[in-house]
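When you get a sec, could you build the whole thing from the sequences and use the hints?
Protein chains in written order, with my numbering: chain A, 222 to 338; chain B, 222 to 338.
Please note that the accuracy of each hint is not assured.
Because identical chains share one entry, a pair is satisfied inside a single copy or across any pair of copies.
[Said to hold, decoys possible] Keeping only pairs whose Cα atoms sit at most 20 Å apart, straight-line, the calculated SDA-like set for lysine to any residue is: (1) Lys223 to Asp254; (2) Lys223 to Pro334; (3) Lys223 to Val333; (4) Lys223 to Pro278; (5) Lys223 to Ala302; (6) Lys246 to Pro300; (7) Lys223 to Cys331; (8) Lys223 to Gly240; (9) Lys246 to Tyr337; (10) Lys223 to Val294; (11) Lys246 to Val333; (12) Lys246 to His317; (13) Lys223 to Pro312; (14) Lys223 to Gln318; (15) Lys223 to Pro257; (16) Lys223 to Arg242; (17) Lys223 to Arg289; (18) Lys246 to Pro235; (19) Lys246 to Ser276; (20) Lys223 to Pro300; (21) Lys223 to Tyr279; (22) Lys246 to Arg289; (23) Lys223 to His277; (24) Lys223 to Gln299.
Quick caveat, the hints were computed from the structure, so don't treat them as lab data.
Residue strings, one per chain:
Number of protein chains: 2
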Amino acid sequence: MKVVSHWTDIEASPVDMEGARDALKRLVLGPADGTPLMALRVFTLAPGGYTPYHSHPYEHMNVVLEGRGALRVADSEQPVALTPGAMALVPPDEMHQFRNTGDSDFSIVCLVPNDYA
Amino acid sequence: MKVVSHWTDIEASPVDMEGARDALKRLVLGPADGTPLMALRVFTLAPGGYTPYHSHPYEHMNVVLEGRGALRVADSEQPVALTPGAMALVPPDEMHQFRNTGDSDFSIVCLVPNDYA
Chain A
222 MKVVSHWTDI EASPVDMEGA RDALKRLVLG PADGTPLMAL RVFTLAPGGY TPYHSHPYEH
282 MNVVLEGRGA LRVADSEQPV ALTPGAMALV PPDEMHQFRN TGDSDFSIVC LVPNDYA
Chain B
222 MKVVSHWTDI EASPVDMEGA RDALKRLVLG PADGTPLMAL RVFTLAPGGY TPYHSHPYEH
282 MNVVLEGRGA LRVADSEQPV ALTPGAMALV PPDEMHQFRN TGDSDFSIVC LVPNDYA
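Structure representation (structure tokens):
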């Protein structure tokens, strides 16, 4: 059993990936805590921030915690607006990017399989 | 890709398990949506409501969305208070029970492996 009183209690580190801007990552529950299948991270994008527009061979499961953002998917489609309470599945191998479209922090839970925590 | 604008858009059904009271379940993202490993459900406990005090051979990963509650674990330990932003891992085979300890709905994300959705 592990309980984190609030996800902001976990230390944040900058997302050091090409194509990311003003993004922080927190590993809230992961293999070191004994997660059997998936790890739970929280990403926080400052106003104007974004994650890389990319794809990878594993899924994301997302829960929006605070702020306003958008999920960009295939170039042919409009980004999807995200506000707190929204939840998303990004399947393996689909292009995607999260952006903060508001004027305060945009934070989302992002679960991935343990091997990609 | 599947995006749910807000988890309350998903139809709720009563939790019909012995030992549960005033509990609703929403399957927000599951195998029918193509989740590779885990399914994302939301449980809502009305004031006074609770889930069964039980264990099972799979984990829960939890995110508190609204309200005030408690996570009861082994009988020898004090329940852990939960408020929005709290996150928890309940490992396989550990006794646990969620209770609403507030005066408004208590809602939590509860991820489980697909087979137990």
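Right, here's what the structure says about each hint:
1. Lys223 to Asp254: within (7 Å within a copy, 29 Å between copies)
2. Lys223 to Pro334: Result: close both inside a copy and across copies, 18 Å intra and 18 Å inter.
3. Lys223 to Val333: both (18 Å within a copy, 16 Å between copies)
4. Lys223 to Pro278: The answer is between: 17 Å across copies meets 20 Å, while 28 Å in one copy does not.
5. Lys223 to Ala302: between (32 Å within a copy, 13 Å between copies)
6. Lys246 to Pro300: Answer is neither; intra-copy 22 Å and inter-copy 29 Å both fail.
7. Lys223 to Cys331: Result: close both inside a copy and across copies, 18 Å intra and 14 Å inter.
8. Lys223 to Gly240: Close neither inside one copy (33 Å) nor across copies (24 Å); limit 20 Å.
9. Lys246 to Tyr337: within (13 Å within a copy, 29 Å between copies)
10. Lys223 to Val294: Close across copies (11 Å), not inside one copy (34 Å); limit 20 Å.
11. Lys246 to Val333: Answer is within: at 13 Å inside a copy they meet the 20 Å cutoff, but 23 Å across does not.
12. Lys246 to His317: For Lys246 and His317, only the intra-copy Cα distance (17 Å) is at most 20 Å; the inter-copy one is 29 Å.
13. Lys223 to Pro312: between (28 Å within a copy, 8 Å between copies)
14. Lys223 to Gln318: between (30 Å within a copy, 14 Å between copies)
15. Lys223 to Pro257: For Lys223 and Pro257, the Cα distance is within 20 Å only inside one copy (13 Å; across copies 24 Å).
16. Lys223 to Arg242: This pair counts as neither: shortest intra-copy Cα distance 31 Å, inter-copy 25 Å.
17. Lys223 to Arg289: Answer is between: at 18 Å across copies they meet the 20 Å cutoff, but 29 Å inside does not.
18. Lys246 to Pro235: within (6 Å within a copy, 36 Å between copies)
19. Lys246 to Ser276: within (18 Å within a copy, 32 Å between copies)
20. Lys223 to Pro300: between (35 Å within a copy, 12 Å between copies)
21. Lys223 to Tyr279: Result: close only across copies, 15 Å inter versus 25 Å intra.
22. Lys246 to Arg289: within (17 Å within a copy, 26 Å between copies)
23. Lys223 to His277: Only across copies: Lys223 and His277 sit 17 Å apart there, 29 Å inside one copy, limit 20 Å.
24. Lys223 to Gln299: For Lys223 and Gln299, the Cα distance is within 20 Å only across copies (14 Å; inside one copy 39 Å).
In this structure, the earlier hints numbered 6, 8 and 16 are contradicted, and the remaining ones agree with it.
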